[in-house]
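Chemist: What follows is each chain in one-letter form.
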Amino acid sequence: MKVPIKLTVNGKSHESEVPARQLLVHYLRDDLGLTGTKIGCDTSQCGACVVRINGSTVKSCTCLAVQADGADVVTIEGLAQDGNLHPVQEAFWDNHGLQCGYCTAGMIMTITELLERNPNPSADEVRAGLEGNICRCTGYHNIVKAALAAAEAISTGAGGG
Amino acid sequence: MTTRLFGSGIRRREDPRLITGQASYTDDIKLAGLVHAAILRSPHGHARINSIDTSAAAAAPGVIAVYTGADTEGVLNPMPCAWVIPDSDVKAVAYPPIARDVVRYVGDAVAVVVAEDRYQAEDALELITVDYEPLPTVINPEAAMQEGAPQLHEDAPSNQAFHWVAAGGDTDDAFANADVVVRDTIIQQKLIPNPMEPRSAIATYVPAMGELTIWNTTQNPHIARFVTCLVTGIPEHKIRVIAPEVGGGFGAKIAVYAWDMVTAFCAMKLGRPVKWTETRSENFVSTTHGRDHVEYVEMAANSDGRVTGVRSVVYAGMGAYLSTAAPGIPTILHGLMYSGPYDIANIKADIYGVFTNSTPVEAYRGAGRPEATFLLERLMDLVAAEVGKDPVEVRRMNLIPKFENGHDVAIGLTYDSGDYEGVLNVALEHVNYDQLRHDQAHGREHGRLTGIGVSCYCEICGLGPSQVAGAVGFGGGLWESATVRFYATGKVNVFIGTSPHGQGEETTFAQIMSEELGVPVDDVEVIHGDTDTTPMGWGTYGSRTTVVGGGALALSARKIKDKAITLAAHLLEAAEADIEYEDGNFFVRGAPDNGKTIQEIALMANVAWNMPEGMEPGLEATTFYDPPNFSYPFGAHVAVVNVDPDNGHIVLERYVAVDDCGPQINPMIVEGQVHGGVVQGAGQALWEGAVYDDNGQLLTGSMLDYALPRAHLVPDIETLSTVTPSPHNPLGVKGIGETGTIASTVTIYNAVIDALRPLGVTRLEMPLTPERVWRAIQEAGGHHGHGHSHSHGHDHGHDHGHGH
Numbered sequence: 001m002k003v004p005i006k007l008t009v010n011g012k013s014h015e016s017e018v019p020a021r022q023l024l025v026h027y028l029r030d031d032l033g034l035t036g037t038k039i040g041c042d043t044s045q046c047g048a049c050v051v052r053i054n055g056s057t058v059k060s061c062t063c064l065a066v067q068a069d070g071a072d073v074v075t076i077e078g079l080a081q082d083g084n085l086h087p088v089q090e091a092f093w094d095n096h097g098l099q100c101g102y103c104t105a106g107m108i109m110t111i112t113e114l115l116e117r118n119p120n121p122s123a124d125e126v127r128a129g130l131e132g133n134i135c136r137c138t139g140y141h142n143i144v145k146a147a148l149a150a151a152e153a154i155s156t157g158a159g160g161g
Numbered sequence: 001m002t003t004r005l006f007g008s009g010i011r012r013r014e015d016p017r018l019i020t021g022q023a024s025y026t027d028d029i030k031l032a033g034l035v036h037a038a039i040l041r042s043p044h045g046h047a048r049i050n051s052i053d054t055s056a057a058a059a060a061p062g063v064i065a066v067y068t069g070a071d072t073e074g075v076l077n078p079m080p081c082a083w084v085i086p087d088s089d090v091k092a093v094a095y096p097p098i099a100r101d102v103v104r105y106v107g108d109a110v111a112v113v114v115a116e117d118r119y120q121a122e123d124a125l126e127l128i129t130v131d132y133e134p135l136p137t138v139i140n141p142e143a144a145m146q147e148g149a150p151q152l153h154e155d156a157p158s159n160q161a162f163h164w165v166a167a168g169g170d171t172d173d174a175f176a177n178a179d180v181v182v183r184d185t186i187i188q189q190k191l192i193p194n195p196m197e198p199r200s201a202i203a204t205y206v207p208a209m210g211e212l213t214i215w216n217t218t219q220n221p222h223i224a225r226f227v228t229c230l231v232t233g234i235p236e237h238k239i240r241v242i243a244p245e246v247g248g249g250f251g252a253k254i255a256v257y258a259w260d261m262v263t264a265f266c267a268m269k270l271g272r273p274v275k276w277t278e279t280r281s282e283n284f285v286s287t288t289h290g291r292d293h294v295e296y297v298e299m300a301a302n303s304d305g306r307v308t309g310v311r312s313v314v315y316a317g318m319g320a321y322l323s324t325a326a327p328g329i330p331t332i333l334h335g336l337m338y339s340g341p342y343d344i345a346n347i348k349a350d351i352y353g354v355f356t357n358s359t360p361v362e363a364y365r366g367a368g369r370p371e372a373t374f375l376l377e378r379l380m381d382l383v384a385a386e387v388g389k390d391p392v393e394v395r396r397m398n399l400i401p402k403f404e405n406g407h408d409v410a411i412g413l414t415y416d417s418g419d420y421e422g423v424l425n426v427a428l429e430h431v432n433y434d435q436l437r438h439d440q441a442h443g444r445e446h447g448r449l450t451g452i453g454v455s456c457y458c459e460i461c462g463l464g465p466s467q468v469a470g471a472v473g474f475g476g477g478l479w480e481s482a483t484v485r486f487y488a489t490g491k492v493n494v495f496i497g498t499s500p501h502g503q504g505e506e507t508t509f510a511q512i513m514s515e516e517l518g519v520p521v522d523d524v525e526v527i528h529g530d531t532d533t534t535p536m537g538w539g540t541y542g543s544r545t546t547v548v549g550g551g552a553l554a555l556s557a558r559k560i561k562d563k564a565i566t567l568a569a570h571l572l573e574a575a576e577a578d579i580e581y582e583d584g585n586f587f588v589r590g591a592p593d594n595g596k597t598i599q600e601i602a603l604m605a606n607v608a609w610n611m612p613e614g615m616e617p618g619l620e621a622t623t624f625y626d627p628p629n630f631s632y633p634f635g636a637h638v639a640v641v642n643v644d645p646d647n648g649h650i651v652l653e654r655y656v657a658v659d660d661c662g663p664q665i666n667p668m669i670v671e672g673q674v675h676g677g678v679v680q681g682a683g684q685a686l687w688e689g690a691v692y693d694d695n696g697q698l699l700t701g702s703m704l705d706y707a708l709p710r711a712h713l714v715p716d717i718e719t720l721s722t723v724t725p726s727p728h729n730p731l732g733v734k735g736i737g738e739t740g741t742i743a744s745t746v747t748i749y750n751a752v753i754d755a756l757r758p759l760g761v762t763r764l765e766m767p768l769t770p771e772r773v774w775r776a777i778q779e780a781g782g783h784h785g786h787g788h789s790h791s792h793g794h795d796h797g798h799d800h801g802h803g804h
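So the protein lines, in turn, are chains A and B.
Going by my numbering, the residue at position 102 of the first sequence is 102; the numbering climbs one at a time, nothing skipped.
Going by my numbering, the residue at position 789 of the second sequence is 789; the numbering climbs one at a time, nothing skipped.
Since the hints were derived computationally from the structure, they do not count as laboratory data.
Computed from a prediction, not measured in an experiment: that's the story for all the values here.
Wrong hints could be hidden among the right ones.
Said to hold, decoys possible - Taking lysine-lysine and the DSS-like style, the derived pairs with C-alpha atoms no more than 27 Å apart in a straight line are:
(1) B/30 with B/269
(2) B/491 with B/563
(3) A/6 with B/30
(4) B/30 with A/2
(5) B/389 with B/402
(6) B/559 with B/491
(7) B/491 with B/561
(8) A/2 with A/12
(9) B/30 with A/12
Kindly produce the complete structure, drawing on both the sequences and the hints.
Modeler: Shown next, in the form of structure tokens:
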């Protein structure tokens with residue numbers, strides 16, 4: 001059974017017919033070709049698939065494509081504006097906040113939302129905010145450092161985006 | 001303008017594609033006509049297959065084909081084991097890509113479905129009916145060798161996969177004459193590596209050309225091609241293996257997997273590109289595991305704490321089959337490291353490899369060396385408790401004194417260089433050790449259970465001299481290659497045989513090039529991971545990429561420099577002996593302003609309008625570099641923990657890593673490797689462990705059940721370093737990819753035991769879950785004191801069927 005959906009992804013509107021059971025992450029990756037969003041698990045634990053839906057962070061592997069009907073979705077591909085990296089992307093680059101890069105999209109999306117809620121977090125607050133994201137490479141040290149650096153850049157207006 | 005960037009923590013050139021979602025991992029790749037495979041896996045730990053009915057699956061919507069072991073038998077050869085250690089009676093049992101008559105672990109492949117989309121393939125798996133006759137299972141490697149244990153393979157009696165012994169000195173004599181002998185039983189629990197990218201493969205076959213291409217999440221595409229040739233029968237030159245972006249490996253992407261061969265089989269049968277990507281839950285059973293030792297270990301010492309001997313009997317679980325490199329891990333990479341950074345005259349390692357009804361074991365970050373470091377550092381603490389000295393004091397009196405060019409240890413290795421007391425001093429000074437102990441004692445008076453663990457380690461990596469590889473039964477060489485190619489515009493491609501997958505060598509190798517030839521770092525592009533475009537190499541594992549591959553690159557750059565000097569002499573109408581080089585400029589001595597830059601030399605070499613007589617055009621060099629020795633990084637780590645006596649909860653308060661990997665090309669990347677390694681090792685100490693039930697079911701079979709380290713559970717990692725160059729490779733560097741894991745597990749473990757010692761707890765099994773700690777505190781209640789190393793010790797032998 002196919003269901004019509006209409007949504008905005010990274011500022012672009014899409015009208016699609018999707019199987020009722022199709023996961024949002026598969027719709028983004030397979031139908032729209034937005035493969036920056038990753039699949040790291042199947043139990044909603046790792047957070048590699050985190051996207052923003054109407055501003056909230058959502059694990060797109062635990063959401064049906066039809067549930068995003070009418071929504072405004074932002075993925076990692078939609079973060080940089082006019083060729084300028086988002087301050088969180090810039091901070092990940094500056095602070096070696098990634099190694100293999102597989103968890104990175106989910107980490108960055110999660111931190112963009114975290115910093116909107118709490119523009120000046122402590123390291124402990126960043127760590128608590130990353131409870132739903134797993135990284136196997138960095139030991140989190142430089143991810144936390146990047147998040148704090150991004151907060152600083154945003155608050156001083158030093159970052160792009 | 002200086003272009004020298006060796007030693008500078010510049011940002012990684014890999015990152016722009018990774019932080020914007022533009023990188024392409026295997027599962028991101030789409031090909032025209034692509035179809036999707038899903039694999040049916042055994043739900044039994046051990047069972048006979050009476051029959052398989054695939055008819056309903058074959059008729060399901062979208063299904064293109066269903067294959068079983070009957071289809072692959074005779075077409076695909078068995079999976080080979082590539083590390084058959086000599087003189088060890090290795091039983092290289094048959095390992096069919098799809099099981100035929102018997103399944104031997106939960107996860108063994110039984111059938112494969114190919115369908116138009118992934119959902120249809122998964123649906124069809126549920127329509128396959130398999131009539132299984134369950135057989136008894138055995139999971140614990142020591143129990144598997146007991147008489148009457150279920151047998152996995154007819155040609156491996158007692159489930160013994162191999163028996164390997166290494167010794168130096170005379171341990172019998174050392175133990176007979178020791179003042180003090182301490183013993184322990186150590187369970188190195190089975191671990192599940194969990195790189196964040198699950199495994200994936202895409203295969204496409206062109207029948208008219210007889211050409212097979214596989215995109216695959218591997219750490220070693222050239223080895224994958226070699227083994228694919230052996231399994232499929234397709235000649236090696238007709239196979240192309242591409243490792244695109246690879247999302248971490250940690251050893252789990254060394255093995256050449258049966259599932260990739262099955263994917264290739266489907267592509268060959270169907271003439272269409274086929275993709276297989278495991279789910280995470282599938283990864284838990286189908287991708288290789290690590291560790292899994294039952295160890296009986298003991299250390300002999302004089303009454304002052306001077307260690308005279310170490311010996312072990314180890315039962316190392318191999319899982320149901322021998323994975324590609326598995327036998328070499330608990331032997332060559334473990335037993336040979338029993339001296340660690342210490343001067344120990346008498347050493348013996350007695351290692352059994354054992355088949356069990358569980359997922360095959362392979363290298364997992366550190367691979368054998370974390371286990372060796374664990375037993376040494378554990379025993380050092382027991383000796384210290386026994387002789388009544390501070391653990392640091394006992395370590396210090398046993399350390400090998402500083403050496404710069406080779407030191408032989410009793411078991412037969414020659415370490416390259418070391419300053420073990422130097423790193424220990426840096427660590428102790430950084431944490432203010434005396435103050436720490438003072439604070440600990442003060443806290444204890446107020447009921448606070450603080451623990452301090454201090455470890456020294458030395459490890460073997462930068463694998464390795466090919467002659468040694470051959471002597472220890474590795475089925476290949478361990479040299480590396482690098483091609484440097486200058487274009488007319490002065491831009492450079494570097495092609496390497498290794499295959500980094502998160503370690504940042506695109507950046508560090510560009511830094512090596514800029515150091516060697518004064519080329520701006522942005523003018524260098526490093527190409528890896530494609531057997532059609534890169535020279536043969538053996539891959540990225542064993543902390544070898546920068547040591548061996550970087551060595552090959554430096555030597556290629558130096559060959560280019562030699563040619564450039566000859567060409568510059570010709571262009572400047574001077575004698576070669578009068579040409580000097582500085583920072584990318586070749587000039588006649590005393591006239592640096594009238595020189596030729598490397599870019600001008602590259603232009604002339606490529607257009608070749610004016611070359612010295614007999615000189616070939618082009619500016620390109622390839623080196624196959626075979627290192628004369630391994631590299632032996634070392635360090636000293638300190639952990640501080642607090643244990644809540646009411647609930648057993650452990651908080652890792654501080655972790656300090658002082659490491660020496662020689663000169664650091666990019667310190668930012670070095671620190672990142674240490675951070676990640678330390679936390680992975682912390683995972684083993686505190687949270688991670690594969691748990692099987694008596695039927696061979698994996699109870700920790702998803703990320704819900706298997707506890708990986710999370711951000712809020714770990715502190716910032718304090719990293720420091722010293723620099724002791726290796727005399728045995730062109731850059732003087734040593735590996736750093738695994739040191740964190742090698743040292744941190746036991747450092748944290750010892751810290752926890754240190755915290756609990758006043759309560760009478762002297763040993764625990766990992767992971768150190770709050771429940772285990774709490775129970776141990778309860779059981780030890782009222783049993784205060786110390787020096788219980790004998791009371792829990794065992795004579796090694798076969799009478800201890802420890803479950804885990």
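Chemist: State for each hint whether it applies.
Modeler: Verification of the supplied hints:
Straight-line distance between C-alpha atoms of residue 30 of chain B and residue 269 of chain B comes to about 20 Å, which keeps the hinted pair within the 27 Å bound. About 17 Å separates the Cα atoms of residue 491 of chain B and residue 563 of chain B, which keeps this hinted pair within 27 Å; it holds. Using a Cα cut-off of 27 Å, the hinted pair residue 6 of chain A and residue 30 of chain B holds, with the two alpha carbons roughly 25 Å apart. Pair hint residue 30 of chain B plus residue 2 of chain A holds up; C-alpha atoms about 23 Å apart against a cutoff of 27 Å.
Proposed proximity of residue 389 of chain B and residue 402 of chain B is supported: the alpha carbons are some 23 Å apart, at most 27 Å. Distance check on the hinted pair: residue 559 of chain B and residue 491 of chain B sit about 17 Å apart at the alpha-carbon level, within 27 Å; holds. Distance restraint check for residue 491 of chain B and residue 561 of chain B: the Cα-Cα separation of roughly 15 Å lies within the 27 Å cut-off, and the hinted pair is therefore satisfied. Pair hint residue 2 of chain A plus residue 12 of chain A holds up; C-alpha atoms about 22 Å apart against a cutoff of 27 Å.
At roughly 22 Å between alpha-carbon atoms, residue 30 of chain B and residue 12 of chain A fall within 27 Å of each other, so this suggested pair holds.
Hint check: no violations occur; every hint is consistent with the structure.
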